[in-house]
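*Asks:* The working numbering numbers the first residue of the sequence shown as -17 and each following residue consecutively.
Be careful, since some hints might not be right.
[As the list claims (entries may be wrong)] Computed cross-link-like contacts, SDA-like style, restricted to lysine to any residue with a CA-CA straight-line distance of at most 20 Å: (1) K(-4) <-> D79; (2) K(-4) <-> D(-14); (3) K(-4) <-> A63.
[Stated by the list, open to error] Computed spacing ranges between beta-carbons, pair by pair: (4) R26 <-> T98: 19 to 25 Å; (5) V48 <-> D(-14): 20 to 26 Å; (6) P104 <-> L27: 49 to 55 Å; (7) G65 <-> Q110: 21 to 27 Å; (8) A63 <-> Q(-3): 23 to 29 Å; (9) R34 <-> V75: 37 to 43 Å; (10) L25 <-> D(-7): 19 to 25 Å; (11) G103 <-> P56: 17 to 23 Å.
Honestly, the hints are just simulated from the structure, not real lab data. Glycine included, every Cβ here is placed at the ideal spot set by N, Cα and C.
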Amino acid sequence: MPADVRLQFIDWAKQHGHNPVTGAAAFVALQSEVDLDLATRTLRLDPGTDPRDALRNHLAALARQVDVAVQFPPVYAYTAANGLEYRYSLMLVIAEDCVEWTGRVWQDLDYQGMLTGRGQGPRANYTQLARMALEHELDQERPRYVQA
-17 MPADVRLQFI DWAKQHGHNP VTGAAAFVAL QSEVDLDLAT RTLRLDPGTD PRDALRNHLA
43 ALARQVDVAV QFPPVYAYTA ANGLEYRYSL MLVIAEDCVE WTGRVWQDLD YQGMLTGRGQ
103 GPRANYTQLA RMALEHELDQ ERPRYVQA
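Could you put together the complete structure from these sequences and hints?
*Replies:* Encoded structure:
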């Protein structure tokens, strides 16, 4: 696969709150037939193989490459109380007695904004604490996104 397609996919996935596994299908769906042909030329496709399926599987497999996987924070899916579907990435900063978090939120391919917060509790539960607070905010009629 041409390196530029790999890099384009990695950049696109980061911008849209995806990792290689969750973003491969959406990225491939956006490709024109010309782009698809260029992207799959170096893949050795068996006759009858759907090029979109092959590219989707190839891009999703990037998640197993350590040098790629470490570039992506975990991405969580959440359906809010009002039925809206969100994806968010979560970054934690752990201090001596508390945790601060920043969540970047997307709906489909649209970036919604950042939600931040802090809390205290057992260190083992910091991710769960942050997710509960962030998801509670997403349940609100108007989540309070912060300006970057």
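*Asks:* State for each hint whether it applies.
*Replies:* Status of the hints after comparison with the structure:
1. K(-4) <-> D79: Given that 20 Å is the threshold and the Cα spacing comes to 31 Å, the pair is violated.
2. K(-4) <-> D(-14): With a Cα-Cα distance of about 15 Å, the restraint between K(-4) and D(-14) holds, given a limit of 20 Å.
3. K(-4) <-> A63: Not satisfied, since the Cα-Cα distance of roughly 26 Å exceeds 20 Å.
4. R26 <-> T98: 19 to 25 Å: Check failed, 47 Å falls outside 19 to 25 Å.
5. V48 <-> D(-14): 20 to 26 Å: Taking Cβ atoms as reference, V48 and D(-14) lie about 21 Å apart, which means the hint holds.
6. P104 <-> L27: 49 to 55 Å: 51 Å, holds
7. G65 <-> Q110: 21 to 27 Å: Roughly 24 Å apart at Cβ, these two residues keep to the hinted range, so it holds.
8. A63 <-> Q(-3): 23 to 29 Å: At 28 Å between Cβs, range holds.
9. R34 <-> V75: 37 to 43 Å: About 40 Å separates the Cβ atoms of R34 and V75, which means 37 to 43 Å holds.
10. L25 <-> D(-7): 19 to 25 Å: Since L25 and D(-7) have Cβ atoms about 20 Å apart, the given range 19 to 25 Å holds.
11. G103 <-> P56: 17 to 23 Å: At 19 Å between Cβs, range holds.
Hint compliance for this structure: hints 1, 3 and 4 are not met, and every other hint is.
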